[in-house]
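Could you build all of it, start to finish, from the sequences and the hints given here?
Read top to bottom, the protein sequences are chains A and B.
As numbered in my numbering, residues 23 to 997 make up the first sequence, in order.
As numbered in my numbering, residues 34 to 469 make up the second sequence, in order.
Note that these hints are calculated values from the structure, not bench results.
Remember, predicted model here, so these are calculated numbers, not experimental data.
Treat the hints with care, since some could be wrong.
What the hints assert, rightly or not - Listed next, the in silico SDA-like pairs over lysine to any residue satisfying Cα-Cα at most 20 Å (straight line): (1) B/312 x A/811; (2) B/148 x A/574; (3) B/310 x A/811; (4) B/147 x A/547; (5) B/410 x A/222; (6) B/313 x A/804; (7) B/410 x A/132; (8) A/806 x B/306; (9) B/407 x A/766; (10) B/410 x A/141; (11) A/306 x B/357; (12) B/307 x A/804; (13) B/410 x A/825; (14) A/907 x B/165; (15) B/313 x A/574; (16) B/312 x A/764; (17) B/312 x A/804; (18) B/437 x A/89; (19) B/312 x A/765; (20) B/407 x A/132; (21) B/437 x A/133; (22) A/306 x B/84; (23) A/766 x A/903; (24) B/410 x B/357; (25) A/792 x B/361; (26) B/412 x A/222; (27) A/792 x B/413; (28) B/310 x A/757; (29) A/792 x B/357; (30) B/307 x A/798; (31) B/310 x A/770; (32) B/313 x A/811.
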Amino acid sequence: MNYSLGVDIGSTTAKAVLIDDNGEILYSTYERHYSKVLEKCRELLENVYSITGDSSINFAISGSAGLGISEAIRVPFIQEVVSESEVVKHTAPDTSCIIELGGEDAKIVFFDGGIDERMNGTCAGGTGAFIDQMATLLNVTTDELDSLSLDAQRIYPVASRCGVFAKTDIQPLINQGARKEDIAKSIFQAVVNQTIAGLAQGRTISGKVMFLGGPLSFFKGLRDCFKETLKLSDEDVIFPDYAKVSVALGAAFYASTLGHTYNIKDLLERVSKATLPTGSSNVKALFENENEYNEFIQRHEKATVPKRDIASYRGCAYLGIDCGSTTTKLVLISENREILYTYYSSNKGNPVDVVKNCLQKIYKLCKSRIRIKGSAVTGYGEELIKNAFSIDYGIVETLAHFTAAKHFKSDVDFILDIGGQDIKCFKIHNGAIDSIMLNEACSSGCGSFLETFSKSLGYSAEEFAQKGIFAKRPVNLGSRCTVFMNSSVKQAQKEGATVEDISAGLAVSVVKNAIYKVIRAGSADELGENIVVQGGTFYNNAVLRAFEKELGRNVIRPEISGLMGAYGAALYAMRATLSSIISEERLSEFSHTATGMICKGCTNNCHLTLNKFSDGSTFISGNQCQRGAGLKEGSSLPNLYEFKRNLLLSEDSFESNKKTIGLPLALGMYELLPLWKTIFKELGFNVLVSPMSSRELYEKGQFSIPSDTACYPAKLMHGHIMSLLEKKADAIFYPCLTYNINEKLSDNHYNCPVVAYYSELLSGNVERLKDTVFLFPYLNINSKRELSRGLYDYLNASGIGSFTKREIKKAVSCGYSALKEYRLSVLNEGKKALDYAKAEGKDVMILAGRPYHIDSLICHGIDKLALSLGFVVVSEDSLPLPKVKAHVNVLNQWTYHARLYNAAQYACENERTELVQLVSFGCGVDAITTDEVRSILEGHGKLYTQIKIDEITNPGAVKIRLRSLIGAMEESRKE
Amino acid sequence: MDKEYIPFTKEMKKTHTILVPNMLPTHFKLVMKVLSGYGYKSELLESSGPEITELGLKYVHNDTCYPALLVIGQFLDAIINRGYDPHKVALILFQTGGGCRASNYISLLRKALKKAGYGYVPVIPLAFNALEKHPGFTLSPSVIYKMIYAVVFGDIIANLKNQCKPYEIYKGDTDNLVEMYTTKITGAIQRDKLFFSKSKRYFKEIADAFAKIPMDKTQSRVKVGVVGEIYVKYSPLGNNNLEHFLQKEGAEVVCPGIIDFFLYCIYANISDYKLYKMKKKLYIPMKIAYKAFKGMQRQLIEAIRSAQIFDVPPTFEHIKKLAEEYISTGAQMGEGWLLPAEMLELSERGVNNIICTQPFGCLPNHIFGKGMMKPLKDKNPHISIVAIDYDPGATRVNQENRIKLMLTNATLQKPKKDEESDSNYITTEQKEMANL
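Have a look at this one:
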């Protein structure tokens, strides 16, 4: 008999398949390799030997970690995708498409009309690993996650682009108490959307589809999601038994065609002799020697808090609760600030129950000896917990952490908190918080990543951390995001890195992420002398040490590092005289249910969660503005964002005898709509403007987006085009404008490349644009004459009508007047808003971004949130700015961006005026502007607040930022 | 732009070494030799390693494009780790203008230097429209002319090198010739006042010399085109030594020359006048430069054609014409319309496997790279383009895995010449391995 063996060694698992002449599977296995790839490879070969004995076999290796092995033991390698096409060829030749999800890869292979493979881009990694992570988050096994998903009633929108983002969407759902079943299904649906939108990119998936890879073979719920979404019948789906070992099977088929045989004994010898090249690492060991380690441990053991036995204490106590994104912490302190009781637990998907159980325990311990005199709650779940248990105070996290840190080091000037999800840092100046930095979605999840990763390797978090302590050559894993780190670990494993080196490497990565991405510090001196670090992640000594080494400075890590938020809240609660906290009797009757619903208050359609408590009271979470919470109509404060939206969206009459021009309300159109609208009306067209963006609108166009990492405002353009096509516009107009209007605020007046040329991309990628006339002339909008000439030539050649020079000239002239009028009314309204603020003593927030940031979907209702916090909201283009060029250290050459610098200058020169910069994820130009805006503001002692926005909606994080800003403003005003 | 900058003074010309980033190794070496003829000391930074990225990440906003991180990281690494005296060096950076954020590299470099405590190091922008004055670095038109010639000779040498190296019978022949002509040409450019009148002869001499390298053209090699963002396309530091990787995998690299990019930049100004009647003053000088560059390109092409055995690169006019069916030549930020045009041109020459390189999140490449792939493939179904993102966090294993997939696919789809159908896609290397 002729044996053929295929081995597939991937990022986390090793698979092997042995077949005979007829392609019958004799042996197959799927195991985790825990980074020990060579050992695993030998083990597999030994197993195979017990079947085949001394017969020689055909052999081929595949998989991302297989490449290195194939080179080391000199056997043929087959690329994974090619391997799968072998499987199709041998087992189901009529397959038209394969969808495969692996630990970190997602692939679609089309077979009709030549093989066309698509793999996920670097930014979309994490499917199987992502599901693992999500299951941990929900505190269920992946199998439980699967069975939960089968009982789902509704699907929540979960960002599908990247695992990190999806997590940011899911976390609030968990905190809001959404049903686990629904979340489970939403997670699977997100994976499906990610695969279809990200990979197929417009190519229709039809015919027979084969589903391969681990997750698809394990999870029925995921398979169902794919079937439903793709509308496939039972006959059209193939879920083969060998799904999880398909690549190995393909390698076996491939091996059988090669005609070269190997002796297993010989192969085993090659494996045992093989060494994988170890990666060059310049990361220094965390500790040089045992002494250094001992000194380190002793030093940190000093940062303690006095404790007191709760069983003997008599008197008043104060309770602090920190309901974080993944964990809930409670601290009870005595009147002398001694710790009586602490509690630290994962949310287990439902923080309300966690807090309830803990409170019951506390009441039991307190008996009649101890009375809770004050209570405070902080963190993501602040409002929910405050409402559920009648907690006295809800305070913003930054304040809680600062209060606690001050207790350890009264002259603390820098605090860094790395929790499960977030990294928060703030500088303290003159006893007040003066600069706050929070991570963006991209650097989130570092803490929980460490935990999930250690589990996947089979260690507890403590064991894993301890392993890193004496690692000799920590691996360099980069610092971009956890998905990238995952990918770097893959590389390191291939190069044979040890668990110790990976543990230390991860610690260094997390720290670098915090220092260089979040804090953006060049040197330790920028941070300050007295640094306190906290958050659950700092229990990891490897992380703590890596931070000290990276900084070249010793820091203080309180013994209660992970409880600092709760401790701070408890300290804050000491100002209370009488607590309203739920009594022991009422607590015993307390119960809670959560139901999801959609807010109809505005077009934002927030997903709300209605929490009902046993006393009949309710609490709504998930709302982005007051309206959603069922409160009275927000506030009557001026809001330039709303004003501009209303101004742009005025209704128009349609005349049936006229042709209709569609204008997509996205990107640059938000600025120039009055110009183009008027021109086309004057030329005798009906003008159809696409509506404000919505999630549905986005999904309509999502499949035709070729570059996943472009900014959200650009990607929304596809939806706007689809909406105009649905309404059967005779032509659609979005011009290419290399140069924007010269406002004389900058050295040049470019648009960014995306705003300037997005039409070229649309024309090539939105198939259905062929059904209409797509007009995208290159125009000069700085001269009436040139614009008229450009339009005259282009429109007459386009076939949508014929126009005389005179007609065009007149239309253009009217267009400019309309634009001027629009800009004037924005300026007037801006002035009114500023005057109002002055007269009424209100704070002004310049919500500075781009014209298209007023779109209610893009800005996620941040303007309304700011209003609800008591700000008058103005936009960067509504300020009475002098026509001067700002002094900046970079090339000031984009029209929209120049406004930012001037707006920052305005904020510096005016009291009670703060600037908050909205930045779209993936906006390359803002990588340049943000540093400049920050330096303008900080140069004048103002706070810089940046909010990065993307598909994701996480009102919680935004709220923390804005409330911290208010807190800091109040502090500085006190002085 | 910061109005206050540290000028490169006349004294510095004697005392300072100008450090040059590693973007186009072959070309830059030629240019540097020209400069040394005028008394400038310069050194090409050929360093690599993780310290470079780390310094970049430390001193430049992390969302800035990868080339900026690398170029700045490499300079800082030279000063901090590699023993260059910061008081005795100046930095030079090639700077394109336009609406792409890459036009900010000089500012970002200066900011980073300041942040790292080296604000006193002079930075010389090498740009088409020099706005700054550096008394020690004033290039007369004749120096500029010579530098441009050096670059164009860099193009022909790089082009022929890629065409010969994979096939050379005696390892090292090609590299030796590259080395020899780098010296010979720069010598000639420096010495000969009337070099331009003899350039044609030199182009021809080079082409003929390369044609004489003993080669085995019977080996079947997959031709792989490399296009993309200008820095990661050329710089071995930026693209993880892509050229080397491809050659190791048995491919022939086809990489369009830099002269097309120059012509594209010049044409951008001409097109601004044609489309918008802007930059009127530049129109005539740009027309002249345009013509001069095209003339040089014609000489280069003619020389390669006359050697008869080589693939002949296209004229700029031809590339431009190809573009017009797909995209307006008014689209001119970053690599602009040139990028899809180069892909089309490669395909026209039978190079249907193309790697489109870009830094992660490159703004122009959303449009001109990834955004043009669908229309290109719709009309040219045989074209296979793989987009590779480069980034401090992107791992080599992922990049290479993707390229490998394309290569395997290319071998699979190649018309099967002989009978041994399935084993066609085992590389010779693998066959050797199996026999061991």
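* Holds or violated: residue 147 of chain B with residue 547 of chain A, Cα cutoff 20 Å? -> holds (15 Å)
* Does residue 792 of chain A pair with residue 361 of chain B here, judged by a C-alpha cut-off of 20 Å? -> It holds: about 18 Å lies between the C-alpha atoms, which stays within 20 Å.
* Can the restraint linking residue 792 of chain A and residue 357 of chain B be considered satisfied, given a maximum Cα separation of 20 Å? -> Holds. Residue 792 of chain A to residue 357 of chain B sits at ~18 Å (cutoff 20 Å).
* Asked: Does the structure keep residue 310 of chain B and residue 757 of chain A at a Cα separation of 20 Å or less?
  -> holds (17 Å)
* Taking 20 Å as the top limit, are the C-alpha atoms of residue 312 of chain B and residue 811 of chain A close enough? -> holds (17 Å)
* Asked: Taking 20 Å as the top limit, are the C-alpha atoms of residue 312 of chain B and residue 764 of chain A close enough?
  -> holds (14 Å)
* Asked: Does the alpha-carbon distance linking residue 313 of chain B and residue 574 of chain A stay inside the 20 Å limit?
  -> violated (56 Å)
* Asked: Are the Cα positions of residue 407 of chain B and residue 766 of chain A separated by 20 Å at most?
  -> With Cα atoms ~39 Å apart, residue 407 of chain B and residue 766 of chain A exceed 20 Å; violated.
* Asked: Taking only the CA atoms, is the gap from residue 148 of chain B to residue 574 of chain A under or equal to 20 Å?
  -> Cα-Cα ~17 Å, so holds.
* Sort out whether residue 306 of chain B lies within 20 Å of residue 806 of chain A, counting only the CA atoms. => holds (16 Å)
* Below or equal to 20 Å on CA atoms is what counts here, so check residue 307 of chain B against residue 798 of chain A. => With a Cα-Cα distance of about 17 Å, the restraint between residue 307 of chain B and residue 798 of chain A holds, given a limit of 20 Å.
* Asked: Given the hint that residue 410 of chain B pairs with residue 141 of chain A, does the C-alpha gap stay at or below 20 Å?
  -> holds (17 Å)
The structure shown violates the earlier hints numbered 9, 11, 13, 15.
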